[in-house]
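From first to last, the protein sequence lines are chains A and B. First residue of the first sequence? That's 1 in my numbering, and the numbers climb one at a time after it. First residue of the second sequence? That's 1 in my numbering, and the numbers climb one at a time after it.
Derived by calculation from the structure, the hints in this document are not laboratory data. Heads up, the beta-carbon is just placed ideally off N, CA and C, and yes, glycines get one too. There may be inaccurate statements among the hints.
Which residues of chain A face chain B? A partial, calculated answer using Cβ under 10 Å [what the hints assert, rightly or not]: (1) E78; (2) R91; (3) I93; (4) G110; (5) K136; (6) K138.
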Amino acid sequence: MTVLNNLASFRITDSDIMEDTSTVAKLHSILFSPFKIDVSERFDSAISVVSVNAISRENEEIINNIKSFQFLNENWDEDNAKKISPISIRRSIDIVKRFDFLNRNVYFAGPGPNEEILLLIKENSKELELLIYPNKLKFVKFENNEFKSQGDFTMEDISELHKWAKSFERW
Amino acid sequence: MRDGDEIDDVNAVFYRRIYRSDKKYLDKTGRPTSRAFSPRPKDDGQLSVDLSSLSTPQDSCGDVVRFTLFSILGKTVKSTDLKIIYNPISFIQDGKEKTNIAHSIIIGFEKDDESKPGILARSSICVL
Chain A
1 MTVLNNLASF RITDSDIMED TSTVAKLHSI LFSPFKIDVS ERFDSAISVV SVNAISRENE
61 EIINNIKSFQ FLNENWDEDN AKKISPISIR RSIDIVKRFD FLNRNVYFAG PGPNEEILLL
121 IKENSKELEL LIYPNKLKFV KFENNEFKSQ GDFTMEDISE LHKWAKSFER W
Chain B
1 MRDGDEIDDV NAVFYRRIYR SDKKYLDKTG RPTSRAFSPR PKDDGQLSVD LSSLSTPQDS
61 CGDVVRFTLF SILGKTVKST DLKIIYNPIS FIQDGKEKTN IAHSIIIGFE KDDESKPGIL
121 ARSSICVL
């Protein structure tokens, strides 16, 4: 199978079975972010790379929306909101791409008054708020509109947060 | 009721004015985001609301093209361990001094606690 980038290509042979998702993630980072790898086929514990697709249309719209936040000036909400930090914008786009890689569409992106960006992940009764500040990343979990938990997160935690949103409710 | 008194009536209703232009503070369903209930830098950890019994939706909202109005119950605010303080204010608008006798502030937001704005947003009801 040939994996193509805009500038380069290389071949993955039948023997190049990816042993874990971190290997796939490394490959993804090599490939340049607008692309993602579909890891839908599994053989026992191994994962096979089967295709390379462009970022989803939904996440592309979210990214374009986030980019537009750079044009919000001080007091953009007529209530003294601060200008959105370019660091928040850059990090938010990176996070959307990470979720896209996990085949997850970000439901909503909105600016906040304190330089931050809100990313909302929704699945059935679960909602995950990600708050991207220039100097910190926070998550808040809600289920059935009730607060569940909150904390700090790093880019390495996104897979776990994605799993929480995806998991079935336990009764 | 005097300036600085705590409003502990769980049945009291409070209005929160939210910027509606471009729907930056409203999600796809029209629900306000948690950011609409997050204190501003200028407010030093306090969130401005109006006590509904001393106002009208029209007065609290002002320009309905630029703003929308949501209500929250005193019970909801108290359940999050926040407090509501009566805080009437005077301000200059269009060159004239005006008074908002319904103005109140929600206090008690902790710097690293991101849950409370989300809880308030999810409990709010659209008024105008």
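Tell me the numbers of any earlier hints that the structure contravenes, in ascending order.
Hint check: 2, 3 fail, others pass.
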